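Number of protein chains: 2
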Amino acid sequence: MSFFRPEIEAIGGYTPGEQPQDGSFIKLNTNENPYLPSPAVAEAIQWTIVRLPKYPHTFGDPFRQMAAEHWGVEPEWILCGNGSDDILTIVTRTLVGAGELLRLPYPSYILYRTLAQLQGANFEEVHFNADWTLPEAFFSPLPLGEGPGVRASRLKLVFLANPNSPSGTVVPPEKILEIAKRLPCPLLVDEAYADFAETNCMSLVKQCEKIMVSRSFSKSYALAGLRFGYLVAQPQLIEQFTKMKDSYNCDALSVAAATAALGDREWLAANRAKILATRGRLVAEMRKLGFVTVDSQANFVWNVRTDRPIRPFYEELKRRRILVRYMDYPGWGDGLRISVGTDEEIDHCLEELRKIV
Amino acid sequence: MSFFRPEIEAIGGYTPGEQPQDGSFIKLNTNENPYLPSPAVAEAIQWTIVRLPKYPHTFGDPFRQMAAEHWGVEPEWILCGNGSDDILTIVTRTLVGAGELLRLPYPSYILYRTLAQLQGANFEEVHFNADWTLPEAFFSPLPLGEGPGVRASRLKLVFLANPNSPSGTVVPPEKILEIAKRLPCPLLVDEAYADFAETNCMSLVKQCEKIMVSRSFSKSYALAGLRFGYLVAQPQLIEQFTKMKDSYNCDALSVAAATAALGDREWLAANRAKILATRGRLVAEMRKLGFVTVDSQANFVWNVRTDRPIRPFYEELKRRRILVRYMDYPGWGDGLRISVGTDEEIDHCLEELRKIV
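Note that the protein sequences, when read in sequence, are chains C and D.
The first sequence begins at 725 in the numbering used here and counts up one residue at a time.
The second sequence begins at 725 in the numbering used here and counts up one residue at a time.
Each hint should be verified, as a subset may be incorrect.
As the list makes no split between identical chains, a pair holds if one copy fits it or if it spans any two.
Unchecked claim - With a straight-line cut-off of 30 Å between C-alpha atoms, the simulated DSBU-like cross-links for lysine-lysine are:
hint	residue 1	residue 2
1	Lys-930	Lys-967
2	Lys-1012	Lys-905
3	Lys-778	Lys-1079
4	Lys-899	Lys-778
5	Lys-1042	Lys-998
Hints listed in this document are in silico derivations from the structure and should not be mistaken for laboratory results.
Please read all numbers here as calculations on a predicted model, not as lab measurements.
For reference, chain C alone in the conformation it holds in the complex (with noise of 0.2 Å):
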């Protein structure tokens, strides 16, 4: 007899990306930062340690003190979160219950479908045109009644990667609030890279109370390791999902070293000038080299090959320790995601691609 839920145990087990702990590779799978983050991360959570016995802020206030002041609203829009995927996981659970439905497009960040099958949701996926633009049933208010169970089932919530992994691709705005006015339920706009791109949804959140933002420390912020991720929405909304957050869901630390983290401004504005050049240079390269690069306003860029299979260059990279993802969506196909590392990094990968090439 088993004692799990059953949709549980029919999901295969989790496989985590590839993290080589030896330091011997050019990391550039994840779409980490290359570099160091703000030295004042560093002195917050210094300052922060004496304080670890006792319990953190059920809310992360300083943190949501200082959101609300960046971005013109009040702390009761903000909801912090243990890392974006905490947030994600929150949204989901509140929203979306057994049998009910969420949307999502294909091809986009796995997780989304995963949370729908924890809750026992469907989930429908919507293929991006070739384009990477939305086609019209992804604007659409009434479930689309692919798979048994859909059409009965009410559409809950609508995931957005904006820029979207792995095509760097950014659906404008305007758009955005089209989709939003259509459906009859939230649409959360994932904005873990909006920091490299030209526009964001921030000020959206004010017009719809259909539109939420989420944002994450772990690539603009050079804080993957820190766990931290915030979301935007209406106050309405941020009540209901309190509730279903853990009491203190992000630690003292990371509290402290976020807020840091979002005060040095002109740390992003530089950061964000680095890794933009360097991305340039990086899709120029490519290109040279063959490749079918897509422009990116993330710090990825995604490139496919019409004229021979591209896993091998995936493999033959990792021979020569550089790990790049190599993703291959059913239905959609394959291709090679690289980070935006450093400007050495980047040089030594495209010298080897051209030894491979």
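Starting from the known structure of chain C, fit chain D onto it as the hints suggest.
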């Protein structure tokens, strides 16, 4: 129209415990450790700051390794959590579906009930006997049939805080083994306070697949602000729980800090000795003041009065800048839960109580 799951909207908003941040209160209300953590913790945090740009270990490997050695099991028996609340959430979500049943003792940790509600599950509370032993009903393999819908639903999980809060009392391990053998489902023994007790259930995990033990770093390791806890269970159970957890649920700083804390056994022994000495004195003095005080195996003591209302004691102490926890359990009664602080804090509290009595 509401966007939210009706069972979530029906739950009252979360009321955080009193956590004054101004430092002017003596805090004896949330069972925090009054001493600073092991110096090894600060050192481990310092060393880890430079690793923050990279994602942490998916399973908290360094901690898993050390905890496995500590308890004489393999690392696959350990699940790391963002505080033991994260562990309790993961276990509940993996085992208990909507409409199914969770059993818990009463009075005990309020969160267990909330976890059932958030899942849309039912719960049945079994009242402790007056002497804080468990009645026969808690051992029953069948649902007790209290309330509509309960009889039809299957019992999927049982929680037992041991030592219990607010009583500080312990159910002996042999009784717990007897309960587990009769139950049709896993039993989570929440040992958040077990480092202050004379016994624990860790050795039972190997004997019985249904027994799982959770631990916290918030109390005995003086790291409430860090958010770190873990579960020890047989590997076939841990494997299912890992599907439910966030991919990176524990940040790099907390994994490093908890590993260092667990490694410093001398610090733990010395801290425990101090807390137990102060606890003994607190119990004796409370009894002299006319309180009925339960013998405690935790870092707090539970006090009631038979001669007059107890709430005014809480209010008077608060007026004098001493926070203790007033708890009122409908159908059971009320009392004061006083955390074991430093000798100075407890002396000051006792002095004020003498004036109030």
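Status of the hints after comparison with the structure:
1. Lys-930 - Lys-967: within (22 Å within a copy, 36 Å between copies)
2. Lys-1012 - Lys-905: For Lys-1012 and Lys-905, neither the intra-copy (42 Å) nor the inter-copy (68 Å) Cα distance is at most 30 Å.
3. Lys-778 - Lys-1079: between (56 Å within a copy, 29 Å between copies)
4. Lys-899 - Lys-778: neither (46 Å within a copy, 34 Å between copies)
5. Lys-1042 - Lys-998: The answer is within: 25 Å in one copy meets 30 Å, while 54 Å across copies does not.
The structure is inconsistent with the numbered hints 2 and 4, although it conforms to all the rest.
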